[in-house]
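Trainee: If you want the building blocks of each chain, they are given just below.
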Amino acid sequence: MINLISPNICIELIATIFAYFYLRQDKSKPWRLFFPYLLLVTLAEFFARYISTFRNESNHWLYNIMLIFETAMMFFIFDRLFKKYLNNRLMIIFGLVILLFAYSYDFYQHGFLVYNGTTRDLLSLLLLLYALIYFYLFLTAKNYVVIRYYPPFWLVSGILLFYSTSTIINLSFMKLEIYVYQYPLRYVIFALLNLIFYTLWSYSFYCQYRQKKM
Amino acid sequence: MELFILLPVSSEENVKEIIIIASVIFFVTSAFLLLYIITYNRYKRVDFKEKERMKLAFEAEMLKSQIEVQEHTMQTIASELHDNIGQLLGLTSFTLGSVAKHQKASEQEKIETAKALSVKAITELRQLAKLMQGEQLIEMGLLAAIEVELDWLTRNGNLNVTSKIHYHAFELGRKEKELVLFRVLQESINNVIKHAKATEVHIELIEVDHYVTLTVSDNGIGFNMEDIKRKPAGLGLGSLEKRTKMLQGSCKVISVPTKGTTVSIKMPK
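Protein sequences, first through last, are from chains Y and P.
Sequential numbering from 1 applies to the first sequence in the working numbering.
Sequential numbering from 1001 applies to the second sequence in the working numbering.
It is possible that part of the hints are untrue.
[What the hints assert, rightly or not] Ranges of calculated distance between the beta carbons of each label pair, as one might list FRET restraints:
1. Y:L132 to P:I1021: 51 to 61 Å
2. P:K1051 to Y:L132: 43 to 53 Å
3. Y:V114 to P:I1021: 21 to 31 Å
4. P:K1242 to Y:A72: 33 to 43 Å
5. P:R1042 to Y:T199: 23 to 33 Å
6. Y:I98 to P:K1051: 37 to 47 Å
7. Y:C10 to P:A1057: 27 to 37 Å
8. P:Y1043 to Y:R210: 22 to 32 Å
[Said to hold, decoys possible] Examples of chain P residues lying across from chain Y (beta carbon under 7 Å, computed):
9. I1021
10. A1022
11. F1026
12. F1027
13. L1033
14. R1042
No wet-lab data here; the hints were simulated from the structure.
Yeah, the Cβ is synthetic: ideal placement off N, Cα and C, and Gly gets one too.
When you get a sec, could you build the whole thing from the sequences and use the hints?
Mentor: Here's what the structure looks like:
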């Protein structure tokens, strides 16, 4: 049982708990979606680890499915964030179309049982671009807030930090076989990135809760 | 991610390279976020200062319009008082005078009293009209206007009025400042009469270097400064301050219960 619970899963579980406690009674529907999404991610990671550790089988197909949910969630977040500043959804629709083609291409190239690396890389690049656009719109909007407690800022910061570094790791075709405390180095790097990513997200949940309370 | 991958072996240099690149990207991104927060807060401060400046400018404009309307209203009332009511009282006095001649002694006395009262009312009305016509008074110059005010105060109150005046006309040629000073004097005297229960009032108008200072002090009952800060409207202090600030002046009010009050205005020439 202990083998099933990895550092990644612990981090995700803690973030899920934060989402439950801070957002379950939030009046805004988009914010309430975080809890079911993170719960799904945690369960998927748990199941993926079970498949790879106990059944010694490929779990790529599960991550290919999770990629769809991840894309949907991230694009939903940015759609809501951009709504405040832009009148149309062209950017979001354009991004979705690109990813749809990428997903189809990956599927055509190697089927569903091999991980869709191209789609993943494109998703990361698109999310990076959206994050930078959001920061620009936020700065130039002149509707100033206390940034320290502004939930969307910390949400997008987590996305920027995670996807900028993970893109480089993913784009490098040198997959890291070196082991650090019985884990592959790539895994360790992603665990650290996940820690930072989910910490920032948990903080944004707290800020959202605090805002509603006040 | 619990991604199950069979990994090819890589050289140590490549691994180091990747780690260095990833670390650089991470720290650059973190530095970007930090810089972003600093820039955002700087923009926020600038925006706040700009909004404050615009708010002050707007308030000054509003106050200027308010004062202009007030002055105009007072001018109108003063004219009406002098022209219409003054005439009515004059007619009343004349009518009483013509009635008195044909009455018995006891009734004549009453009529003479009524006539004296209406004459007094006419005099008071003329003085009041004169005082309300601030701009017209200032046409004579601030010194002349203050003399009229002090004269009226001496004759109509139970106050011992002393003054010290070392002043030449404002060199900047703006009647606005003289009018504001005069209105401040009137407001302060009004407060002395209505609230202070004073027996003495001292007025100073002193010109020193590039400033003119007007001080009105009394030996009245004074008031608690903290109480008035909460409700300044009753003594018109808020209005005094705003008017003075509008012309780059400053207003200081010092009062101690039972020890009197001093209102001091300082304005650049």
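Trainee: With reference to the structure, classify each hint as holding or not holding.
Mentor: Okay, the hints, checked on the actual structure:
1. Distance hint check: the CB atoms of Y:L132 and P:I1021 are about 19 Å apart, inconsistent with the given range 51 to 61 Å.
2. At roughly 28 Å, the beta-carbon separation of P:K1051 and Y:L132 lies outside the given 43 to 53 Å, and the hint is violated.
3. For Y:V114 and P:I1021, the hinted distance range of 21 to 31 Å is satisfied, since their beta carbons lie about 26 Å from each other.
4. The given range of 33 to 43 Å is broken by P:K1242 and Y:A72, whose C-beta atoms sit roughly 58 Å from each other.
5. Range check, P:R1042 to Y:T199: about 26 Å between beta-carbon atoms, so the 23 to 33 Å window is met.
6. Between Y:I98 and P:K1051 the beta carbons are some 42 Å apart, a value that agrees with the proposed interval 37 to 47 Å.
7. Evaluation of the 27 to 37 Å hint for Y:C10 and P:A1057 yields a failure: the beta carbon distance comes to about 57 Å.
8. For the pair P:Y1043 and Y:R210, the beta carbons lie near 23 Å from each other, so the given range of 22 to 32 Å is met.
9. A hinted interface residue such as P:I1021 counts as satisfied when its beta carbon comes closer than 7 Å to some beta carbon of chain Y; here the least separation is about 6 Å, so the hint holds.
10. At its closest, the beta carbon of P:A1022 sits 5 Å from a beta carbon of chain Y; the interface hint therefore holds under the 7 Å criterion.
11. Interface hint at P:F1026: satisfied, since its Cβ lies 5 Å from the closest Cβ of chain Y, which is below the 7 Å cut-off.
12. Because the beta carbon of P:F1027 sits about 10 Å from the nearest beta carbon in chain Y, more than 7 Å, this interface hint is broken.
13. The restraint placing P:L1033 at the interface with chain Y holds, with a minimum CB-CB distance near 5 Å, inside the 7 Å limit.
14. Violation of the interface hint for P:R1042 is found here, the shortest Cβ-Cβ separation to chain Y being roughly 11 Å, above the 7 Å cut-off.
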